[in-house]
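Protein chains: 2
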Amino acid sequence: MREEKHIIGYGESGNSKEVFYSINPSGKENSAVYFHQATAEEVNQAVQQASSSFALYRKIPAARKAAFLNAIAAELENCGDALITTCMQETALPRARLEGERARTTGQLRMFATLVAEGSWVDARIETALPDRKPLPKPDMRYMNIPLGPVAVFGASNFPLAFSVAGGDTASALAAGCTVVVKAHPAHPATSALAGKAIQRAAQSTGMPDGVFSLLFDSGTQTGAQLVTHPLIKAVAFTGSYRGGKALYDMAVRRPEPIPVFAEMGSTNPVFVLPEAAQQKGATIAEAYSASVAMGVGQFCTSPGMLFYPQQAADFNGQLSNVFSNITGGVMLAAYMYHAYQAGVEERLALPAVATLASGKAPDTTDTHVVTPVLMTTHSDELITQPLLREEIFGPASIAVPVTTREAMLALAHSLPGQLTATVHGTAEELPAWQELLDILEQKAGRVVINGFPTGVEPVSAMVHGGPFPATTNSSSTSVGTAAIYRFVRPVCYQNMPDALLPAELQESNPMGIYRMVNGGRAFTQL
Amino acid sequence: MREEKHIIGYGESGNSKEVFYSINPSGKENSAVYFHQATAEEVNQAVQQASSSFALYRKIPAARKAAFLNAIAAELENCGDALITTCMQETALPRARLEGERARTTGQLRMFATLVAEGSWVDARIETALPDRKPLPKPDMRYMNIPLGPVAVFGASNFPLAFSVAGGDTASALAAGCTVVVKAHPAHPATSALAGKAIQRAAQSTGMPDGVFSLLFDSGTQTGAQLVTHPLIKAVAFTGSYRGGKALYDMAVRRPEPIPVFAEMGSTNPVFVLPEAAQQKGATIAEAYSASVAMGVGQFCTSPGMLFYPQQAADFNGQLSNVFSNITGGVMLAAYMYHAYQAGVEERLALPAVATLASGKAPDTTDTHVVTPVLMTTHSDELITQPLLREEIFGPASIAVPVTTREAMLALAHSLPGQLTATVHGTAEELPAWQELLDILEQKAGRVVINGFPTGVEPVSAMVHGGPFPATTNSSSTSVGTAAIYRFVRPVCYQNMPDALLPAELQESNPMGIYRMVNGGRAFTQL
Chain A
1 MREEKHIIGY
11 GESGNSKEVF
21 YSINPSGKEN
31 SAVYFHQATA
41 EEVNQAVQQA
51 SSSFALYRKI
61 PAARKAAFLN
71 AIAAELENCG
81 DALITTCMQE
91 TALPRARLEG
101 ERARTTGQLR
111 MFATLVAEGS
121 WVDARIETAL
131 PDRKPLPKPD
141 MRYMNIPLGP
151 VAVFGASNFP
161 LAFSVAGGDT
171 ASALAAGCTV
181 VVKAHPAHPA
191 TSALAGKAIQ
201 RAAQSTGMPD
211 GVFSLLFDSG
221 TQTGAQLVTH
231 PLIKAVAFTG
241 SYRGGKALYD
251 MAVRRPEPIP
261 VFAEMGSTNP
271 VFVLPEAAQQ
281 KGATIAEAYS
291 ASVAMGVGQF
301 CTSPGMLFYP
311 QQAADFNGQL
321 SNVFSNITGG
331 VMLAAYMYHA
341 YQAGVEERLA
351 LPAVATLASG
361 KAPDTTDTHV
371 VTPVLMTTHS
381 DELITQPLLR
391 EEIFGPASIA
401 VPVTTREAML
411 ALAHSLPGQL
421 TATVHGTAEE
431 LPAWQELLDI
441 LEQKAGRVVI
451 NGFPTGVEPV
461 SAMVHGGPFP
471 ATTNSSSTSV
481 GTAAIYRFVR
491 PVCYQNMPDA
501 LLPAELQESN
511 PMGIYRMVNG
521 GRAFTQL
Chain B
1 MREEKHIIGY
11 GESGNSKEVF
21 YSINPSGKEN
31 SAVYFHQATA
41 EEVNQAVQQA
51 SSSFALYRKI
61 PAARKAAFLN
71 AIAAELENCG
81 DALITTCMQE
91 TALPRARLEG
101 ERARTTGQLR
111 MFATLVAEGS
121 WVDARIETAL
131 PDRKPLPKPD
141 MRYMNIPLGP
151 VAVFGASNFP
161 LAFSVAGGDT
171 ASALAAGCTV
181 VVKAHPAHPA
191 TSALAGKAIQ
201 RAAQSTGMPD
211 GVFSLLFDSG
221 TQTGAQLVTH
231 PLIKAVAFTG
241 SYRGGKALYD
251 MAVRRPEPIP
261 VFAEMGSTNP
271 VFVLPEAAQQ
281 KGATIAEAYS
291 ASVAMGVGQF
301 CTSPGMLFYP
311 QQAADFNGQL
321 SNVFSNITGG
331 VMLAAYMYHA
341 YQAGVEERLA
351 LPAVATLASG
361 KAPDTTDTHV
371 VTPVLMTTHS
381 DELITQPLLR
391 EEIFGPASIA
401 VPVTTREAML
411 ALAHSLPGQL
421 TATVHGTAEE
431 LPAWQELLDI
441 LEQKAGRVVI
451 NGFPTGVEPV
461 SAMVHGGPFP
471 ATTNSSSTSV
481 GTAAIYRFVR
491 PVCYQNMPDA
501 LLPAELQESN
511 PMGIYRMVNG
521 GRAFTQL
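Protein chains in written order, with full-length UniProt numbering: chain A, 1 to 527; chain B, 1 to 527.
Rather than coming from a laboratory, the hints here were simulated on the basis of the structure.
Please note that a few of the clues may not be correct.
As the list claims (entries may be wrong) - Covered by chain A, according to a simulated footprint, are these stretches of chain B (three or more residues, beta-carbon under 8 Å):
# : region
1 : 124–137
2 : 432–440
3 : 443–451
4 : 482–493
Note that CB positions come from ideal geometry on N, CA and C, so glycine has one too.
Whole structure, please, built from the sequences with the hints as guidance.
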């Protein structure tokens, strides 16, 4: 049995005698590592170092921050197969998925490195002085985004690499110039330790200040609560359940000094099938929908959990039922998720108006915590009146709802809470007539998908992985894509600041060669 | 005695028998108008109309929204002298100030009209499809900002035109595509009614939907609370006291669906004088500081309330005391502000370590609610240990603190809560040696002013009128300048949306000719 300690800046710590273990949810061999619960002193030490190093880190030139991010990516690659096999043992996710996820994680880090090194993201705005303006001279004003301070990041269970220790939240916070304290997700602590050490090595090799990054372990909620309520923490990033995210939000807004919480809390990601589409390509949609539900044992934030289709499309129901019966379940990421899935399905099926339309296959395995995909069905009125049916079940469960009229389809859309995504399948001919549906959905969701499926979130500049509450606690943000950096900054205006004392981004000679808005003109020009 | 009613969309209402009156704080003749307290039904009706008209208003082309904003500006000018004289009676502010403020208000409206008509503000981002990408095709993704929904705006007392009914919050919310319900400030209801009718006429003449704007009166807090907790209100904008803003914030974050509150709650706007500056231009700084404190009877959010200067600059103290003794007070905006000012000064002067350094002159008048400027002084240690001394007094009161060492100056800066502004006076030679002070202050304030004074907030693209809590409840925003529009929007991503169904801003042909980010490149290009 091997011990792993908290990473606090360049050091490590493991003072508590209370420990917990890395567990393989499939019941097979695990990675045989134990972890100390973080003590209050350790949490405080990590935050204090994050705060003192912030004063240094924020002033480090953009090119060096970019080198740090690139070094993290390289160190994750240097972890070699150990990172993949450790993660497979802790999550029961397959090798190909995790290799792909590592590539995505390093890709994200390098994307933010490029963004930061280039520099235009700071949204520099310059108003030049008019010393002769009457009645009063106009001063020189220069605006740009600066980092908020130390950020608490919560590792997510379902992307043990891409949304965890070295994932998008950490990458975008470090890119913004914030220091980071990560609370590791207890479902993959050994993976977290490897990623954390990769970041620690990258910080040291690129000369970042001691404390720019720390990683704390805790199988409970104490460390998270202490981080969110610590006066020196200035923002929180979280991906996970509604319950978890909302609890952190409630703590943060009740602080003497409230701070922003960017909690991405998942959603049911409704899919609407329009009449002609159901008729012309019902079989294809049914197949792709079922595959999307089954993907990764349904453990994605964007996994589709609701399907609305025209009752008139008589075949569609049968097609869907057929193909869904052939999809296969798998091992959930953790025991508690397995139990939550089973309970969530049972609770819904206990409602009089809910029935099973199809069940997928149990995989042929002796593994533990294996779930079977479930496709439920109900009446559209029931979905509107029964809030439980609009809540997410984390895992490969979904509900298919036949809809009789256009008005009922629109009413269903209206009834939805905020979503990460909303999807419409329609032919080119019928879509324009459903503009009203699209209008409703763009007000409900962060991303509107046409003739596709919500799983597969591209980490690009145009991505929105966010949406109205309860999908997130801050609808003006995204946690994927380059715009994720804006969660961790605020604008500052320098008035009549001597040129030499301005940040490089705002100096008259524009030494970084970035795009800047000058005198309110529409052009972003390089002066 | 004339009656004024609530404006609800194109209609009016005044159902309550409970009324209140327009009051002249100077005790002179008032405008002899009474107002109904809004009933719960009236508030709900205004919000319902704001919500139903939002579905229409948000889809109106940008050029027509711009026409609406320009029409509001024209209608405010059409109000002629009646708007100015009414406002003078309600606020005791002088004619020149209010004429200037109207020009600023119409200027802001036209600035947002220009911004919206041009269109690049939506931050359009396009990632074009790669249908042949392996293992999976890359979809077409298009990102832009869309409006949040109906916004509740609270008129501010201290800018009865520029931060009130037709002020920057309303202008930026309407520009963003949101509908607006304004709660009028009870200290200038007749002015509010005139501005509200100007907006109503502009809405009708430019064909905006009935309900795009409503205006409610209430001398208490009930209407505000109902607005902030109404499920159909999606954001709140407020300028005023910490107590008022924090109360609205607390209500909004405790809603079943929390919403953002952009409360600008003022600050003490510290001014630091460095040794050489004190020596070389102490008299000039003392004079300008005193004038800045006296301006508008100290009733600005950016009025300087704290002055830190080197104790060694022996003359400075005397110079300051002399010039401050010659500045004149005036009538406060409302009786309750007069009493709060007197109580605030008394409470501080009752502290053993606080003394009066100078008192300004009482104006030669029989007016009521007249205050006299007060300059207090204390030890720098006292300012750090006594939180009361770091709180704002609304009005022409200020505290001057002699500081013995550089370390004490930095410690004072460190001790400050979040500020709208922080100002440093230093010679070109000494400023570089005080980089550490500037670094602290940019983390404390939304705007850092060098060798100037914080009063005078330019409504331009590079302005930040915001700052860390408790200056605001959302440090990533500004309530002045073009960036104020971003408070009321969120991004949405359209994936594989047919071109004809996309908003104009994202269509392939770029019909609005706006700047767009394409495929993550650094350039904002017109495709």
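Numbers of unmet hints, in rising order: Violated hints: none; all satisfied.
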